[in-house]
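Peer 1: Use the sequences and the hints to build the structure in full.
For reference, the chains in residue letters:
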Amino acid sequence: MSILPDGIGEPGLIWLLAAGFLPILLHILDRRRARVVDWPAMRFLVPRDRSRLRRIKLLEALLILLRSLAMLLIAYALLKPFSRVESSVRTRAPGSRGVVLVIDDSQSMDYRAQGKRSALENAREAALDLLEDLIPGDRAHVLTTADLASGVAAARDLPALETGGARRKAADVRTGAGRFRILEALDRAAELSALLDTDAREIHLLTDLQASTFPEADSTRIRFVGERLRAARAASATQIVDCGDPGARNVFISALEAGALAVGTDETVELRARVESSGAPPAGLANVRLFVGDVEVAAVAVPFDGAGRANASFTCRLDAPGAARITARLAPDGLAADDARRLALEVLDRIRVLVVGTTVTDEGPGSARNVDLALAPRARDLTAPPVIFRPVFARGLAGAEISASRVVIITGLPSLDRESAEALERFVRAGGGLLLFAGEAVDSATLDRELYRGGRGILPARLGSRSPRAAGGSRAEEMHPRDVLTSHPALEVFGAPEEGDLSRITVHRVTPVREVRPDAAILARLGEDSPWIIEGRAGSGKVIVVTTSASPDDSDLPLTPLFLPLLHRLVRHLAAPEASSRALELGDVLKLELPPAGSAEAGAEAHVIDPEGTRREASWTLEEGRAAAVFGDTRAPGFYEMRASAGAGTDTTGLYAVNVPAEESRLERIPEAALEALRDGTGAGVTRDARELSRSMGKTLVERPHWPLAAAIAALLLMAELALARRMSGERIPRRGRATPKEATAVAGGRLS
Amino acid sequence: MNASSYLDPAAVARLGRLEIVARTLVEGFVKGLHFSASKGSSIEFAEHRPYAAGDEIRRIDWRTFGKTDRFYLKEYEDETNVRALLVVDTSASMGFRSGEVSKLRYASCLAAALGHLLLAQRDAVGFAAVAARVERYVPPRGTPRHLRGIFTILEAASASGATRLADSVNALAERIHGRSLVVVLSDLLDDPRAVVRSIAHLRHRHSEVILFHILDPAEEDFPFTGWTVFRDPESPSVSLRVDGRQVREIYRENLAEHIAILRKGCAALEVDYSLLYTRSPFETALAAYLDSRSRRRR
Numbered sequence: 049m050s051i052l053p054d055g056i057g058e059p060g061l062i063w064l065l066a067a068g069f070l071p072i073l074l075h076i077l078d079r080r081r082a083r084v085v086d087w088p089a090m091r092f093l094v095p096r097d098r099s100r101l102r103r104i105k106l107l108e109a110l111l112i113l114l115r116s117l118a119m120l121l122i123a124y125a126l127l128k129p130f131s132r133v134e135s136s137v138r139t140r141a142p143g144s145r146g147v148v149l150v151i152d153d154s155q156s157m158d159y160r161a162q163g164k165r166s167a168l169e170n171a172r173e174a175a176l177d178l179l180e181d182l183i184p185g186d187r188a189h190v191l192t193t194a195d196l197a198s199g200v201a202a203a204r205d206l207p208a209l210e211t212g213g214a215r216r217k218a219a220d221v222r223t224g225a226g227r228f229r230i231l232e233a234l235d236r237a238a239e240l241s242a243l244l245d246t247d248a249r250e251i252h253l254l255t256d257l258q259a260s261t262f263p264e265a266d267s268t269r270i271r272f273v274g275e276r277l278r279a280a281r282a283a284s285a286t287q288i289v290d291c292g293d294p295g296a297r298n299v300f301i302s303a304l305e306a307g308a309l310a311v312g313t314d315e316t317v318e319l320r321a322r323v324e325s326s327g328a329p330p331a332g333l334a335n336v337r338l339f340v341g342d343v344e345v346a347a348v349a350v351p352f353d354g355a356g357r358a359n360a361s362f363t364c365r366l367d368a369p370g371a372a373r374i375t376a377r378l379a380p381d382g383l384a385a386d387d388a389r390r391l392a393l394e395v396l397d398r399i400r401v402l403v404v405g406t407t408v409t410d411e412g413p414g415s416a417r418n419v420d421l422a423l424a425p426r427a428r429d430l431t432a433p434p435v436i437f438r439p440v441f442a443r444g445l446a447g448a449e450i451s452a453s454r455v456v457i458i459t460g461l462p463s464l465d466r467e468s469a470e471a472l473e474r475f476v477r478a479g480g481g482l483l484l485f486a487g488e489a490v491d492s493a494t495l496d497r498e499l500y501r502g503g504r505g506i507l508p509a510r511l512g513s514r515s516p517r518a519a520g521g522s523r524a525e526e527m528h529p530r531d532v533l534t535s536h537p538a539l540e541v542f543g544a545p546e547e548g549d550l551s552r553i554t555v556h557r558v559t560p561v562r563e564v565r566p567d568a569a570i571l572a573r574l575g576e577d578s579p580w581i582i583e584g585r586a587g588s589g590k591v592i593v594v595t596t597s598a599s600p601d602d603s604d605l606p607l608t609p610l611f612l613p614l615l616h617r618l619v620r621h622l623a624a625p626e627a628s629s630r631a632l633e634l635g636d637v638l639k640l641e642l643p644p645a646g647s648a649e650a651g652a653e654a655h656v657i658d659p660e661g662t663r664r665e666a667s668w669t670l671e672e673g674r675a676a677a678v679f680g681d682t683r684a685p686g687f688y689e690m691r692a693s694a695g696a697g698t699d700t701t702g703l704y705a706v707n708v709p710a711e712e713s714r715l716e717r718i719p720e721a722a723l724e725a726l727r728d729g730t731g732a733g734v735t736r737d738a739r740e741l742s743r744s745m746g747k748t749l750v751e752r753p754h755w756p757l758a759a760a761i762a763a764l765l766l767m768a769e770l771a772l773a774r775r776m777s778g779e780r781i782p783r784r785g786r787a788t789p790k791e792a793t794a795v796a797g798g799r800l801s
Numbered sequence: 005m006n007a008s009s010y011l012d013p014a015a016v017a018r019l020g021r022l023e024i025v026a027r028t029l030v031e032g033f034v035k036g037l038h039f040s041a042s043k044g045s046s047i048e049f050a051e052h053r054p055y056a057a058g059d060e061i062r063r064i065d066w067r068t069f070g071k072t073d074r075f076y077l078k079e080y081e082d083e084t085n086v087r088a089l090l091v092v093d094t095s096a097s098m099g100f101r102s103g104e105v106s107k108l109r110y111a112s113c114l115a116a117a118l119g120h121l122l123l124a125q126r127d128a129v130g131f132a133a134v135a136a137r138v139e140r141y142v143p144p145r146g147t148p149r150h151l152r153g154i155f156t157i158l159e160a161a162s163a164s165g166a167t168r169l170a171d172s173v174n175a176l177a178e179r180i181h182g183r184s185l186v187v188v189l190s191d192l193l194d195d196p197r198a199v200v201r202s203i204a205h206l207r208h209r210h211s212e213v214i215l216f217h218i219l220d221p222a223e224e225d226f227p228f229t230g231w232t233v234f235r236d237p238e239s240p241s242v243s244l245r246v247d248g249r250q251v252r253e254i255y256r257e258n259l260a261e262h263i264a265i266l267r268k269g270c271a272a273l274e275v276d277y278s279l280l281y282t283r284s285p286f287e288t289a290l291a292a293y294l295d296s297r298s299r300r301r302r
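Line by line, the protein sequences are chains A and B. Under this note's numbering, the first residue of the first sequence is numbered 49, with each subsequent residue one higher. Under this note's numbering, the first residue of the second sequence is numbered 5, with each subsequent residue one higher.
None of these hints come from the bench; they were simulated from the model. Heads up, some of the hints might be wrong.
Unchecked claim - One-sided excerpt, in silico: chain B residues whose CB lies under 8 angstroms from chain A: (1) 69; (2) 97; (3) 100; (4) 104; (5) 191; (6) 233; (7) 234; (8) 235; (9) 236; (10) 241; (11) 246; (12) 251; (13) 255; (14) 262; (15) 265; (16) 294.
We put the CB at the ideal spot given by N, CA and C, even for glycine.
Peer 2: Now the structure itself:
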């Protein structure tokens, strides 16, 4: 804690010390620069009384002390320091009072130790107590994180409230979606404080001092905010009020995840929940229960590791197709909002796949027969796959119902018109999947022109032309897949040799790859310069290119048992929705795009059912030519269901899981050193107990400048110094009975003349 | 140039040779008094005495010779042949000067003028230069040539050595025989009580004493306001680093006390004490001398 008064920072302290030491320095220099004089009357320089010499030295020291103190006080006065003194509201000097109250309403403020009040309740009570002491004519701003997030310009537009309005706003504060940052709050508060045309200005930050509220260790920024506060003449009356619990302990679920592949009905799904803790490490087990909808389907107890973390895994089957509401729960503790974590999981019963090829009945270049058979096995002894694929064959893209499908597989495409290419690109960018078997019947030049477009299209790589088939049917050099990326969700099963070894596949012919987009991933290779499976993203969709055909002409893959699981996993991967688009945190915006045919014009309707079950209206936006419904008021954790319709056939529904950010669950407090730096840099005080603030609410803090007193004392000291210096130099009336030499001369001269 | 300007010490110092200085000072001073030293009322007949070998022939009273046929010389009251001794302090401290004239130069000029005046009154003039001891002693004689010799010694004198005025005066008191006029010119930077005792010694030997206390104006004003290293010219190893402002009062008190002791001691011994500064006009000193002489005659 700084002992310096407000208005004096570290540079000021240096000035003060320099001013204080200046007379001593000058004294030393003066002594060193003494001139040498031959002086015959040495006998008169030494007093007979030795104590008088001591007194002179004492007076000399006193003189230097007086000068040092005077200089110190002058420098002090020039720095214009001030202190805050409490002044009773009832007896305070006439003049209005301006208060900026910033209430941290982030989720962590809901923490409540057993038998105690929550940090937000403490903050609310302190705010109301403070506002209670305002009188008519006083002004107040009450800010929450939502006001801070709207930016400086918007915050400046906030009208200062009359006392009644301020009290109402403070009383209605609830935890919301915002993330509180102390420096940002001080900055905004200083800005607003400067606009208050009141005689006294105060800023109060009511927060739980959570570590995440002060992530900055940048002293420059701290000093900058301090300067802003001083410029607003509010630095001395700025208080950061600790409303939190220093001993807070919290256990929470920081993540709930499913696999990256599309989940089918009646399929065993593996779910993983990660449990973390803050504060003292918890003892015992973490009891995690899993709910699908409102039904508990599993429960596990897992031990915490040394860092207070635990991982829980569940398997379950989801019968009903559609969006599943999956929730992992812990026993409620001090912060209940983060004891449940939600996951919106789309369960598919059928995946409509558009298969485009030259034929589906016969083998041959561009044939889709093997793909069709793999997606929909017709042999009696084959069991149906967990996810039922519904392949629809088309000989070309023109006229095909692309948008009705989830995935498009191309095995043969001799020609591609511009309109079909555009339709395919729109389909992919909207979230669809494209699997391209680049065999002999695919025109590379057309694909390059229409779908790669120098890297701006949807294809992840530019394909080259194949060399003509060797005469007599002789085959080229044999190649085998290598460098298989088994960490990829679609290929992870091939990491275990017993499940299938892709390197046993023999490839005879391959379409050369001329260029790979920088953001594309090569999932498997055939040689150093010969990628085999390449994946890229385009918009919300995914595209996978296989540089061999789906027929046995290029490789023996279609004839091996590996073809079916590889194709299924690639298609399920392509069909899986973007996980992040449905897993949101408080404050994120829900967005639901309409099908391409939809328009947000007349008749369009979008609404949201929030976690409370309340129907709330959503708004519309237009992105890349497609209408999308958006909803931003996600201040409560839970499931949000959004429904949008822009006419017949465009009904769309989206389920979103909104969770508390893990950052809000970590209740570690700002380290003392950081708090000290904050105090020193900004000049703000820290009140450790909100009740302490309440007790002092009957008083207001008034800035009392120190410089008049300092200047007056300095003037007195200088006068004393002058008098002492004159006394020491003998400029005073001589004592009776002793004549000065001049007097002696006069007497002698008078008698002798 | 008017007569009074010759009495200004700085102007006098520029005149050069002491003989000229002495003559100029005395003549200027006498003109200022508006009477002639050779026609003063103080030259009064006292008695006749028989001629003796060595007496000047021009002093024989021829009228009495005509009446008595014997050689008689007329004796006058002012021709009592006062033996004056000019004692000049030539210690190192006398070399100090803050202006154009050092204390030694001032004392030399004043001594020369007094010598000239004494000789004009037909007194015998002697000289002694004193510092740590009697550096030079010239017995009194009443001839102009003798006085010129004293001037030569004075011109050659330089300020050196420690001040032990009391010892030197005591030594001189032993050398002087009979009634004498002893004129002491010194800054008296010695133990004032010892100085008074030494003057008492002279008085005990029936000598009249005139004490000229010569100081530099800076020694009275003490114009030092900052840190200064004061070095004793008589013993350079002794120095004192003090702030002039702080010791000024002490200095002036000590100096005033020093002067008071001297003045009180001189008054008790019926010795004329005169404090002079090197800026004081010589008129003051010469007037003091004449005043002293006239009072003694009465």
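Peer 1: All the hints need checking, so say for each whether the structure fits it.
Peer 2: Quick rundown of the hints versus the structure:
1. 69: Violated, because the Cβ-Cβ distance from residue 69(B) to chain A comes to roughly 46 angstroms (cut-off 8 angstroms).
2. 97: With a closest approach of 3 angstroms, the residue 97(B) hint holds.
3. 100: Where the cut-off is 8 angstroms and the nearest Cβ of chain A is about 5 angstroms from residue 100(B), the hint holds.
4. 104: Violated, about 17 angstroms.
5. 191: 7 angstroms, holds
6. 233: It holds, given that the least Cβ distance between residue 233(B) and chain A is near 5 angstroms, below 8 angstroms.
7. 234: 4 angstroms, holds
8. 235: 5 angstroms, holds
9. 236: 5 angstroms, holds
10. 241: 12 angstroms, violated
11. 246: 7 angstroms, holds
12. 251: Given a least distance of 5 angstroms, the restraint on residue 251(B) holds.
13. 255: The hint holds - residue 255(B) has a Cβ within 8 angstroms of chain A, the shortest such distance being about 5 angstroms.
14. 262: 7 angstroms, holds
15. 265: Cβ of residue 265(B) sits 11 angstroms from chain A, so the hint is violated.
16. 294: 10 angstroms, violated
Checked against the numbered hints above, the structure violates hints 1, 4, 10, 15 and 16; every other hint is satisfied.
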